[in-house]
Amino acid sequence: MEPLRVFLVENHEDTVKYMQLLLKQLSYQVCVATDMATALREIPKSHCDVLISDIGLPDGDGWQLIEKLGDDRPQFAIAMSGYGTGNDQRRSRAAGYDHHLVKPFPPDALLSLLRELGRTKEKQS
Amino acid sequence: MTTRREQVCALLQEIGLPAVRVKLVSAEVIEFNELFSSLVSVEAPLERRLWFVQGVLPYIASLDRARWEGAFAHQTQVQVQVALKSTDGRDLDFEMRSFASLGQEKFGRSILCVFIPLSNPIFERVREAHFSEGRKWERRRIQNELHKGVSQQLLGAAFGCKLLAGKVETLSEGLGREASDLAQLVNEAVVELQNVVTSAQNQSRDNQ
Numbered sequence: 001m002e003p004l005r006v007f008l009v010e011n012h013e014d015t016v017k018y019m020q021l022l023l024k025q026l027s028y029q030v031c032v033a034t035d036m037a038t039a040l041r042e043i044p045k046s047h048c049d050v051l052i053s054d055i056g057l058p059d060g061d062g063w064q065l066i067e068k069l070g071d072d073r074p075q076f077a078i079a080m081s082g083y084g085t086g087n088d089q090r091r092s093r094a095a096g097y098d099h100h101l102v103k104p105f106p107p108d109a110l111l112s113l114l115r116e117l118g119r120t121k122e123k124q125s
Numbered sequence: 001m002t003t004r005r006e007q008v009c010a011l012l013q014e015i016g017l018p019a020v021r022v023k024l025v026s027a028e029v030i031e032f033n034e035l036f037s038s039l040v041s042v043e044a045p046l047e048r049r050l051w052f053v054q055g056v057l058p059y060i061a062s063l064d065r066a067r068w069e070g071a072f073a074h075q076t077q078v079q080v081q082v083a084l085k086s087t088d089g090r091d092l093d094f095e096m097r098s099f100a101s102l103g104q105e106k107f108g109r110s111i112l113c114v115f116i117p118l119s120n121p122i123f124e125r126v127r128e129a130h131f132s133e134g135r136k137w138e139r140r141r142i143q144n145e146l147h148k149g150v151s152q153q154l155l156g157a158a159f160g161c162k163l164l165a166g167k168v169e170t171l172s173e174g175l176g177r178e179a180s181d182l183a184q185l186v187n188e189a190v191v192e193l194q195n196v197v198t199s200a201q202n203q204s205r206d207n208q
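Protein sequence lines, in the order shown, are assigned to chains A and B.
Counted from 1, the first sequence has number 20 at position 20 by our numbering; the numbering is strictly sequential.
Counted from 1, the second sequence has number 189 at position 189 by our numbering; the numbering is strictly sequential.
Next up, chain A with everything else stripped away, as it sits in the complex:
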């Protein structure tokens, strides 16, 4: 099974560092941006399968990001946010995210989602 290509958008230094290292250790291919402008520039040429984006970004938010990406958005998208009320989750879904993870979450919550998306992609191809 071909490893998923993941684009991670997160501005918290330690979080992005360890997420990236762990995902790489598990054989995912990982690209990273720490703000919306960089993500908008890099995602279209990255050909990633999954976007994992924080909702709170220094120059915008994850909802704007996915909206601005339009057709350039990766096939799957996972939002991460410190806010997890029903409204926040609905807003993420409406924006186009398939999942909304409430921070802090255990790494296995993200990893099991990625495995699920990997299986979905496998079935589709």
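Just so you know, these hints were derived from the structure itself, not from any lab.
Glycine included, each C-beta is placed from N, C-alpha and C at the ideal position.
Be a bit skeptical, because a hint or two may be false.
Unchecked claim - Restraint-style ranges between C-beta atoms, simulated for each label pair:
{"#": "1", "chain 1": "A", "residue 1": "K24", "chain 2": "B", "residue 2": "N195", "range": "25 to 33 angstroms"}
{"#": "2", "chain 1": "A", "residue 1": "L111", "chain 2": "B", "residue 2": "E173", "range": "19 to 27 angstroms"}
{"#": "3", "chain 1": "A", "residue 1": "R90", "chain 2": "B", "residue 2": "I116", "range": "49 to 57 angstroms"}
{"#": "4", "chain 1": "B", "residue 1": "K136", "chain 2": "A", "residue 2": "E67", "range": "29 to 37 angstroms"}
{"#": "5", "chain 1": "A", "residue 1": "N11", "chain 2": "B", "residue 2": "R90", "range": "56 to 64 angstroms"}
Once you have looked at the hints, place chain B on chain A.
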């Protein structure tokens, strides 16, 4: 900043104090706030202009009556005890403070009487409202700290531990197990904190 005389009773209402302004000599009511009206219209409905004369003066403590009459006649300040009733019929003791104003405008030459509750829930409610506001503010601050600080760092730490556990496992099975236990412990802390954050957010939403 100046406060117009006719706003004084409304202002006193906001801080939980009944107040009434009466004419010199006749003591007819010129102005009052709702807290005051709730104290004098409990039983037999009185004519509004006589609220003070019939609804307050008879209830001034007998020892204070002479002082009140003297102060009222000479338009000087005075503090007397008054026993009134709440809307639900409870006895409420007040210290009534009166101040004479002798201006020329609409409310000139009048006496303002403010009722300070000695032992009743009005002040308690005002104090409770302030505390409640303070608690809300504190809850928002803690929530913000949890979100911006602790939860982000703990998320990074959880991924760091998981990464470390994976690496250590390749070097030593025993150390790998210990590292996994540590990662599990951090995971549990993450879940615990997530519950706290979510519960705080839901509580905050419910209070809005």
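If you check the beta carbons of K24 (chain A) and N195 (chain B), does the distance land in 25 to 33 angstroms? At roughly 30 angstroms between Cβ atoms, N195 (chain B) and K24 (chain A) fall inside 25 to 33 angstroms, so the hint holds.
Taking the beta carbons of K136 (chain B) and E67 (chain A), is their distance inside 29 to 37 angstroms? holds (33 angstroms)
Outcome of range test on Cβ distance (L111 (chain A), E173 (chain B); 19 to 27 angstroms): Given about 22 angstroms between the Cβ atoms, the range holds.
Please check whether R90 (chain A) and I116 (chain B) have a Cβ separation lying inside 49 to 57 angstroms. holds (51 angstroms)
Taking 56 to 64 angstroms as the hint, is the beta-carbon distance of N11 (chain A) and R90 (chain B) inside that range? holds (58 angstroms)
When held up to the earlier numbered hints, the structure conflicts with none and fits them all.
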